[in-house]
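We have chain A already, so just place chain B on it with the hints.
There are 2 protein chains.
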Amino acid sequence: MENERTDIGSLGEFGLIDRLTGKFPLSQASSIKGVGDDAAVIDNEGYLTVVSTDMLVEGIHFDLAYTPLKHLGYKSVVVNLSDIYAMNAQPRQITVSIAISNRFSVEALEEFYAGIEAACKVYGVDLVGGDTSSSQKGFIISVTAIGQGEKGKICYRNTAKVGDLICVTGNLGAAYLGLQLLEREKQIFLSKPGGQPDLEGKDYLVGRQLKPEARKEMIELFAQNRLVPTSMIDISDGLASDLFHICNQSGVGAFIEESGVPIHMDAQLQALEFHLDPITCALSGGEDYELLFTISPNDVEKVRYLPDIFIMGEVVDARDGVRLHTKGGNIHPLKAQGWQHFES
Amino acid sequence: MENERTDIGSLGEFGLIDRLTGKFPLSQASSIKGVGDDAAVIDNEGYLTVVSTDMLVEGIHFDLAYTPLKHLGYKSVVVNLSDIYAMNAQPRQITVSIAISNRFSVEALEEFYAGIEAACKVYGVDLVGGDTSSSQKGFIISVTAIGQGEKGKICYRNTAKVGDLICVTGNLGAAYLGLQLLEREKQIFLSKPGGQPDLEGKDYLVGRQLKPEARKEMIELFAQNRLVPTSMIDISDGLASDLFHICNQSGVGAFIEESGVPIHMDAQLQALEFHLDPITCALSGGEDYELLFTISPNDVEKVRYLPDIFIMGEVVDARDGVRLHTKGGNIHPLKAQGWQHFES
Numbered sequence: 001m002e003n004e005r006t007d008i009g010s011l012g013e014f015g016l017i018d019r020l021t022g023k024f025p026l027s028q029a030s031s032i033k034g035v036g037d038d039a040a041v042i043d044n045e046g047y048l049t050v051v052s053t054d055m056l057v058e059g060i061h062f063d064l065a066y067t068p069l070k071h072l073g074y075k076s077v078v079v080n081l082s083d084i085y086a087m088n089a090q091p092r093q094i095t096v097s098i099a100i101s102n103r104f105s106v107e108a109l110e111e112f113y114a115g116i117e118a119a120c121k122v123y124g125v126d127l128v129g130g131d132t133s134s135s136q137k138g139f140i141i142s143v144t145a146i147g148q149g150e151k152g153k154i155c156y157r158n159t160a161k162v163g164d165l166i167c168v169t170g171n172l173g174a175a176y177l178g179l180q181l182l183e184r185e186k187q188i189f190l191s192k193p194g195g196q197p198d199l200e201g202k203d204y205l206v207g208r209q210l211k212p213e214a215r216k217e218m219i220e221l222f223a224q225n226r227l228v229p230t231s232m233i234d235i236s237d238g239l240a241s242d243l244f245h246i247c248n249q250s251g252v253g254a255f256i257e258e259s260g261v262p263i264h265m266d267a268q269l270q271a272l273e274f275h276l277d278p279i280t281c282a283l284s285g286g287e288d289y290e291l292l293f294t295i296s297p298n299d300v301e302k303v304r305y306l307p308d309i310f311i312m313g314e315v316v317d318a319r320d321g322v323r324l325h326t327k328g329g330n331i332h333p334l335k336a337q338g339w340q341h342f343e344s
Numbered sequence: 001m002e003n004e005r006t007d008i009g010s011l012g013e014f015g016l017i018d019r020l021t022g023k024f025p026l027s028q029a030s031s032i033k034g035v036g037d038d039a040a041v042i043d044n045e046g047y048l049t050v051v052s053t054d055m056l057v058e059g060i061h062f063d064l065a066y067t068p069l070k071h072l073g074y075k076s077v078v079v080n081l082s083d084i085y086a087m088n089a090q091p092r093q094i095t096v097s098i099a100i101s102n103r104f105s106v107e108a109l110e111e112f113y114a115g116i117e118a119a120c121k122v123y124g125v126d127l128v129g130g131d132t133s134s135s136q137k138g139f140i141i142s143v144t145a146i147g148q149g150e151k152g153k154i155c156y157r158n159t160a161k162v163g164d165l166i167c168v169t170g171n172l173g174a175a176y177l178g179l180q181l182l183e184r185e186k187q188i189f190l191s192k193p194g195g196q197p198d199l200e201g202k203d204y205l206v207g208r209q210l211k212p213e214a215r216k217e218m219i220e221l222f223a224q225n226r227l228v229p230t231s232m233i234d235i236s237d238g239l240a241s242d243l244f245h246i247c248n249q250s251g252v253g254a255f256i257e258e259s260g261v262p263i264h265m266d267a268q269l270q271a272l273e274f275h276l277d278p279i280t281c282a283l284s285g286g287e288d289y290e291l292l293f294t295i296s297p298n299d300v301e302k303v304r305y306l307p308d309i310f311i312m313g314e315v316v317d318a319r320d321g322v323r324l325h326t327k328g329g330n331i332h333p334l335k336a337q338g339w340q341h342f343e344s
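Residue numbers (the working numbering), protein chains in the order written: chain A, 1 to 344; chain B, 1 to 344.
So that you can see chain A by itself, here it is in the shape it has in the complex (with noise of 0.2 Å):
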């Protein structure tokens, strides 16, 4: 991956926090002090201060066999990010802190922090601190996220409403699929090493997973519209599972039409090539960094001109439960799923 390699220890650790982050300028009127002293100063007045934090495990959250590492740099931004824009909020700063083990180079690293330049770019915020350390084994990232919220537009989890109409940005289960990809080809190359992947014509997919991006826009054009969702969440661990974060928290249940679910034509047909039901993929899959959001139903004429977002079903009260009408006709309670590292 890299001609070069030096040796982490050679740099000492303030020399490698220099050499990764002493090319990240400050951008944000807000950042007043960044990386270089015990903490970074925000200038946050009249503004409500949001954070988010997310921790990615080598092993756990990414395979370094198929992710390269400026990827892995900038996804491990953005699913940060993702989590801001998912209160209605702006980020403006970010701390990344890696705890690494010896067999990365100092090139290696900086390949990581390049995809992390780039994120930081894209999306307009500032890298203002972190932590470098060793690790007995693996890679670990944790990155915090702060952005800037005004008040009363803040969008929370527990302020949906019965009656409110559901929405979703984009399309879900790509992510999930392209990740079953890579881990095919992963699997045939540990079986026949030397075989080349076969990737072709799978880019959308791949690059839902590999490289996802955070929903600023839809912000963006909230604001324009001066459409405040009642609720919202981000889709990471799959729409089934933070659907039911919104409905437990705001004490309500939801009923989803199956034809309103938004599946991108490459997930769809991926997806039968798998034998995999395109829904399941859909409500299951996660890390679509999709906005899942609840708007007022006053608010329609607002949603329906906007682009990439979908209605796909309404709020109903808690007794009715979280449930699916299928294009089929039949209906189907819904299961929340998502995260299980834990179960062997």
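Hint data in this document are derived by calculation from the structure and do not stem from the laboratory. Among the clues, some could well be false.
[Stated by the list, open to error] Distance ranges between label pairs, derived from CB positions:
| no. | chain 1 | residue 1 | chain 2 | residue 2 | range |
| --- | --- | --- | --- | --- | --- |
| 1 | B | ASP203 | A | ASN248 | 28 to 38 Å |
| 2 | A | PHE189 | B | GLU200 | 32 to 42 Å |
| 3 | B | GLY152 | A | VAL300 | 32 to 42 Å |
| 4 | B | SER101 | A | ALA65 | 34 to 44 Å |
| 5 | B | PRO193 | A | LEU199 | 29 to 39 Å |
| 6 | A | HIS332 | B | ARG19 | 42 to 52 Å |
| 7 | A | ALA65 | B | GLY328 | 37 to 47 Å |
| 8 | B | THR6 | A | HIS332 | 24 to 34 Å |
| 9 | B | SER259 | A | GLY15 | 30 to 40 Å |
| 10 | A | GLN187 | B | ASN158 | 48 to 58 Å |
| 11 | A | ASP63 | B | ILE331 | 35 to 45 Å |
| 12 | B | ASN158 | A | GLU301 | 47 to 57 Å |
| 13 | B | LYS186 | A | ASN248 | 43 to 53 Å |
Please read these numbers as outputs of a predicted model, since none were measured by experiment. C-beta: ideal position from N, C-alpha, C; glycine also.
This is chain B only, laid out in the frame that chain A set:
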């Protein structure tokens, strides 16, 4: 350590988060929303937001052979709060992310969170978010602390001026000697399993290592006495290393009097027992979490009457370097030491 043993997998991620963090109330007026949404929400109007983050890795930063999990939780918070105080700011919120292998039980994690809760109470901060993940090996902790500072009173590392006095709080070297004691007892235990550790009379040194405190009261003393240090850092890597940070970033040198470096009597005696030079332990030991700061010579009368603060030197021109005037009358150049995790 525990009587019950509940597998982490039996609770699932959200059950685990709820069990660990459900009892943490929000006490800060600025904490609008805590754990349970995509992000925490903080009202910081009129103040500067200060953010610091640290990662602690099992086998690198702590050894569970002699670190009780409750102490570990407490220390994980304290080392971050120390960074906020070192900015002359007040911590208000923390996020805690952990990655853990299956060998930990839910009860063990509850011990860890009991330590976090104790630190939150002592320092008056709210736990407002985090992430819980599995790891392939060991226990990894990432804490982010968020604080508030007054405009014009934040203390940076790069603002020390020639002629300023160099001060330090408390005493130095004790945490390092506590670690040496714990390591010695561990080695004895490993060579003769079943033996009891002999740490009688070593409470102070061991306590400084296992349960350090951050210097909250010093920041309050500064405010009461209208003292704003010209620069400040917390001593985590050791006096010499952290003094170099101030000198390098401020473009100055330093002249330290060995007689002015505070060393606790227990540390003095323990160093001699280990055939170590007490001043070396104080200069290079680390993990003291005391505050190293510089003040204008005009403020010397303010400091003179404050308890537990020691004037130990003067900021000099960068050309004169960073030097130590020993009790024996010699003048030695100091070397930065400290963090060397990656050296094999």
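Here's how the hints hold up against the structure:
1. With their beta carbons about 47 Å apart, ASP203(B) and ASN248(A) fall outside the hinted range of 28 to 38 Å.
2. At about 59 Å, the beta-carbon gap between PHE189(A) and GLU200(B) misses the expected band of 32 to 42 Å.
3. Distance hint check for GLY152(B) and VAL300(A): the Cβ-Cβ separation is about 49 Å, which falls outside the suggested range of 32 to 42 Å.
4. Our hint of 34 to 44 Å for SER101(B) and ALA65(A) is violated, since their Cβ atoms are close to 21 Å apart.
5. Range check, PRO193(B) to LEU199(A): about 53 Å between beta-carbon atoms, so the 29 to 39 Å window is missed.
6. For HIS332(A) and ARG19(B), the Cβ-Cβ distance of about 30 Å falls outside the hinted range of 42 to 52 Å, so the restraint is violated.
7. Take ALA65(A) and GLY328(B): their Cβ atoms lie about 59 Å apart, and the range 37 to 47 Å is violated.
8. Hint check: THR6(B) to HIS332(A), Cβ distance near 32 Å, so the stated range 24 to 34 Å holds.
9. Range check, SER259(B) to GLY15(A): about 33 Å between beta-carbon atoms, so the 30 to 40 Å window is met.
10. Take GLN187(A) and ASN158(B): their Cβ atoms lie about 52 Å apart, and the range 48 to 58 Å holds.
11. At about 56 Å, the CB distance of ASP63(A) to ILE331(B) disagrees with the hint of 35 to 45 Å.
12. As the Cβ distance of ASN158(B) to GLU301(A) is approximately 54 Å, the hint placing it in 47 to 57 Å holds.
13. Between LYS186(B) and ASN248(A) the beta carbons are some 46 Å apart, a value that agrees with the proposed interval 43 to 53 Å.
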